Amino acid sequence: MTLSRRPLPAWADIVLLPLVNIALAFVTVGIIVRIIGVDPFHALSLLVVGAVGSPESIGYTLYYATNFIFTGLAVAVAFHGGLFNIGGEGQAYLGGLGCGLAILALDRYLPAWLMIPVGIAAAALFGAAWAAVPAWLQAWRGSHIVITTIMFNFVAAALMVYLMVNVLIAPGSMTPQSRGFAPSAFLPQMGGNALNLSLLLALACCVAVWVFLWHTPWGYALRTMGHNPEAAVYAGTNLRHMTMLAMCLSGALAGFVGVNELMGVHHRIVLDFPAGYGFAGIAVALMGRNHPLGIALAALLFGALQQGGAELAFDIPQITRETVVLIQGLVILFSGALVQLPRPWLQALFAFRRP
Amino acid sequence: MKGWILSLLALVAVTGPNMAGVAEAQTTVKPAIVYANGGKFDKSFNEGVSNGAQKFTKETGIAVADFEPSNETQFEQALRRFAQRGQDPIIAVGFSQAVALEKVAKEFPNTHFTIIDSVVKLPNVQSVVFREHEGSFLVGILAAMASKTGKVGFVGGMDIPLVRKFQCGYEQGIKYANPNAELISNMTGTTPAAWNDPGRGAELAKGQIDRGVDVIYAAAGSTGIGILQAVKDRGKLGIGVDSNQNHLHPGNMLTSMLKRVDVAAYNSFKAMQAGTWKGDVSVLGLKEGGVDWALDQYNEKLITPEMKAKVEAAKADIISGKIVVVDYMSNNACK
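Chains as they are written, first to last, in the working numbering: chain A, 1 to 355; chain B, 1 to 335.
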């Protein structure tokens, strides 16, 4: 029985396998949806139409995808260096704080062409700074990055609530939100609603991460560190500096979620805007196999699920927001954790076709 | 030309009310609700709104559409989607939706919106806010009088001005009834997840009980379910919030601080149906019946005649203005 050992052709590995995984996930979802008394085909059509059926829904899908690209890339950059950054949530939060503070301080003086880059730079700077502390603790003190980054999420949340409730709250406001930004700090919209220029920033980040990881000496050193730290040391890489570099880049990328959310949509600092994108970024990176192109595609799928799922909950009373999370979870389970499950079946199929 | 316009205006003026009346009778009410982060079934704040909607559905047979958002962006998205579909009126539950509502209400000037717990000043928005500090003052009196140890507890949800408002009113009520009583306060957390964390709520309640507290006021949304359960398990007394939660643990529920969000939702739908809907700001306190303390068959054995007399006297004094309960949110301080 050698048939199951033959490797799959590249196109099947990259395209067919993920599609089979997603199909399996949807079959499972269909069974569950049927059990709670909803026609699965009706639900599926609502999900698809809700995600890509109108310019408005496509806009929301791409807007959500933008966040997932940022956090997915953030996880991937750290992961190539062998670092598991679970702090995307907090880094996104602080990134938003950075860009918000810069805008609140300067939006009355700067024109849009200057304000927007300053806001973006501030988001990157604050996100990177928030990741730099766990990075330093890992590189110099040996504190494990998984623990420190996850704890920094809580510190970030507490810090933001403190600042919003006590310092940045708009005078006379009941809600913990800052005052609204001046229009010079609004990122231009792309076709109404939530979608804004951050999407282009996200795509640019995809290209930049790809160039950095595979076409620069730093990227090479980073990947070496991830594959084999001893070899990297032997090759003369300073692991401490590489850890700092990887985590700061990772934090800066996560910080851009703040740009999409605050400069693009809310136009003020609000609480809780990272809404789980930082954690979902781990699944996006896993599903995209830590490659920018894969991450962009996975982010698109996650964005479509987020948007289509909301429409589903909107239209069918039996489907609650918890059901939507279940659907998303199943897709992650099948295309992340169980990614190898259908491989032997496909291998057997290909072996059968070409004996 | 001018005369022509004038006569047209006159025609509109004459036929206007009539036509509006016809339109009112023809437009069927298609109500919708966008819930807050805690979710529809929190046995408290959101569920109160849901109860009001159910009462309306039962009486009129008109279904109420609803949506539970899972992130901030979906507030705006859901409000807009409901408005696009012609749902009217639309209730936005919770202060977090104020900004989103302001945006959407401007886009749909002919749709009627109601926001609970925040104020949006637009002609097509009805804002309903409550004087929670007054109701909390009353349950504070009861807590202080029911406590045998002289130590009473407060567990809030998310640490925001609104919850500190509950705490501040409660504290004033306690001091009013027993100046020597000690208040131990905890907030469940600093993120919206704090509204939905019964496990942590139970731990905080146990911690307070270990420090000698025997009455705990839970102002924490779904988290309160855990707090009240812990209180029951240890045989102490709990105070519910927003909805009447007395039935949850009869014998261990001293009372509930009622915040009549159900009435607010029901009234908004009813007013829409009757054609009397008005875009304004209503501030509902003890006087308006917007907040109150709950007395029913589940807790009547726990409320002594003295307690009842004292709390009713304080209620009358607050309504008449003799007692002024400090509102934490008026100056972000409890004094």
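Bear in mind the hints are in silico, worked out from the structure with no lab data behind them. Don't take every hint at face value.
Simulated pairs of lysine to any residue, SDA-like, Cα-Cα distance not exceeding 20 Å [to be verified]: (1) B/K103 - A/T323; (2) B/K43 - A/P317; (3) B/K103 - A/Q318; (4) B/K335 - A/Q189; (5) B/K103 - A/A182; (6) B/K103 - A/P188; (7) B/K151 - B/K58; (8) B/K58 - A/P317; (9) B/K103 - A/G191; (10) B/K40 - A/I316; (11) B/K30 - A/D315; (12) B/K103 - A/E322; (13) B/K103 - A/G59; (14) B/K232 - B/D292; (15) B/K40 - A/T323; (16) B/K308 - B/N331; (17) B/K106 - A/F186; (18) B/K310 - B/I323; (19) B/K335 - A/M190; (20) B/K106 - A/E322; (21) B/K103 - A/M190; (22) B/K175 - B/K335; (23) B/K121 - A/Q177; (24) B/K40 - A/D315; (25) B/K106 - A/V325; (26) B/K103 - A/R268; (27) B/K40 - A/V165; (28) B/K106 - A/P317; (29) B/K106 - A/N193; (30) B/K335 - A/P183; (31) B/K106 - A/R223; (32) B/K121 - A/R268; (33) B/K106 - A/H267; (34) B/K43 - A/Q318; (35) B/K121 - B/M329; (36) B/K310 - B/V324.
Interface residues of chain B toward chain A, partial, derived using beta-carbon atoms under 10 Å [stated by the list, open to error]: (37) K43; (38) P69; (39) Q74; (40) I160.
If you're wondering where the values come from, they're calculated on a predicted model, not measured in any experiment. Positions of the beta carbon are idealized from the N, C-alpha and C atoms, including for glycine.
Do the hints match the structure? See the list:
1. The hinted pair formed by B/K103 and A/T323 fails the criterion: a straight-line CA distance of about 29 Å is larger than 20 Å.
2. Between B/K43 and A/P317 the CA atoms are separated by roughly 19 Å; this keeps the pair inside 20 Å, and the hint holds.
3. Between the alpha carbons of B/K103 and A/Q318 the distance comes to roughly 29 Å, so the proposed pair goes past 20 Å and is violated.
4. Pair hint B/K335 plus A/Q189 does not hold up; C-alpha atoms about 45 Å apart against a cutoff of 20 Å.
5. As the CA atoms of B/K103 and A/A182 are separated by approximately 16 Å, the hinted pair is consistent with the 20 Å bound.
6. Among the hinted pairs, B/K103 with A/P188 is consistent with the structure: their alpha-carbon atoms are about 17 Å apart, no more than 20 Å.
7. Distance restraint check for B/K151 and B/K58: the Cα-Cα separation of roughly 44 Å exceeds the 20 Å cut-off, and the hinted pair is therefore not satisfied.
8. With a C-alpha separation of about 17 Å, the suggested pairing of B/K58 with A/P317 holds against the 20 Å cut-off.
9. Restraint check: the Cα-Cα separation between B/K103 and A/G191 comes to about 17 Å, which is no more than 20 Å; the hinted pair holds.
10. Under the criterion of a C-alpha separation no larger than 20 Å, the hint pairing B/K40 with A/I316 is consistent with the structure, at around 15 Å.
11. The straight-line distance between the Cα atoms of B/K30 and A/D315 is roughly 15 Å, inside the 20 Å bound, and the hint therefore holds.
12. For a cut-off of 20 Å, the pair hint linking B/K103 to A/E322 is broken: about 27 Å separates their Cα positions.
13. Between the alpha carbons of B/K103 and A/G59 the distance comes to roughly 18 Å, so the proposed pair stays at or under 20 Å and holds.
14. The hinted pair formed by B/K232 and B/D292 fails the criterion: a straight-line CA distance of about 23 Å is larger than 20 Å.
15. Simply put, B/K40 and A/T323 have alpha-carbon atoms about 14 Å apart, close enough for the 20 Å limit, and the pair holds.
16. In summary, the hint linking B/K308 to B/N331 is not supported, as the alpha carbons are separated by about 31 Å, beyond the 20 Å threshold.
17. Distance restraint check for B/K106 and A/F186: the Cα-Cα separation of roughly 19 Å lies within the 20 Å cut-off, and the hinted pair is therefore satisfied.
18. With a CA separation close to 13 Å, the supplied pair B/K310 and B/I323 stays within the 20 Å bound.
19. Taking the CA atoms of B/K335 and A/M190, the gap is near 49 Å; set against the 20 Å cutoff, the hint is violated.
20. This hinted pair does not check out: B/K106 and A/E322 have alpha carbons roughly 31 Å apart, beyond 20 Å.
21. Distance restraint check for B/K103 and A/M190: the Cα-Cα separation of roughly 18 Å lies within the 20 Å cut-off, and the hinted pair is therefore satisfied.
22. Restraint check for B/K175 and B/K335: satisfied, since their Cα atoms lie roughly 13 Å apart, inside the 20 Å limit.
23. Pair hint B/K121 plus A/Q177 holds up; C-alpha atoms about 17 Å apart against a cutoff of 20 Å.
24. Straight-line distance between C-alpha atoms of B/K40 and A/D315 comes to about 16 Å, which keeps the hinted pair within the 20 Å bound.
25. The straight-line distance between the Cα atoms of B/K106 and A/V325 is roughly 32 Å, outside the 20 Å bound, and the hint therefore fails.
26. Between the alpha carbons of B/K103 and A/R268 the distance comes to roughly 13 Å, so the proposed pair stays at or under 20 Å and holds.
27. At roughly 26 Å between alpha-carbon atoms, B/K40 and A/V165 are farther apart than 20 Å, so this suggested pair is violated.
28. Straight-line distance between C-alpha atoms of B/K106 and A/P317 comes to about 28 Å, which puts the hinted pair past the 20 Å bound.
29. This hinted pair checks out: B/K106 and A/N193 have alpha carbons roughly 14 Å apart, not beyond 20 Å.
30. Under the criterion of a C-alpha separation no larger than 20 Å, the hint pairing B/K335 with A/P183 is inconsistent with the structure, at around 38 Å.
31. At roughly 52 Å between alpha-carbon atoms, B/K106 and A/R223 are farther apart than 20 Å, so this suggested pair is violated.
32. Restraint check for B/K121 and A/R268: satisfied, since their Cα atoms lie roughly 19 Å apart, inside the 20 Å limit.
33. Of the supplied pair hints, the one linking B/K106 and A/H267 holds, its CA atoms being roughly 16 Å apart against a limit of 20 Å.
34. With a C-alpha separation of about 19 Å, the suggested pairing of B/K43 with A/Q318 holds against the 20 Å cut-off.
35. Distance check on the hinted pair: B/K121 and B/M329 sit about 18 Å apart at the alpha-carbon level, within 20 Å; holds.
36. Taken as a hint, the B/K310 and B/V324 pair is honoured in the structure, with Cα atoms around 16 Å apart against an allowance of 20 Å.
37. A hinted interface residue such as B/K43 counts as satisfied when its beta carbon comes closer than 10 Å to some beta carbon of chain A; here the least separation is about 16 Å, so the hint is violated.
38. Because the closest C-beta pair between B/P69 and chain A is about 7 Å apart, less than 10 Å, the hint holds.
39. Checking B/Q74 against chain A by beta carbon gives a least distance of about 6 Å; that is within 10 Å, so the hint holds.
40. With 10 Å as the threshold, the beta carbon of B/I160 comes within range of chain A, its nearest partner Cβ sitting at about 6 Å, so the hint holds.
Hints 1, 3, 4, 7, 12, 14, 16, 19, 20, 25, 27, 28, 30, 31 and 37, counting from the list given before, are not met by this structure.
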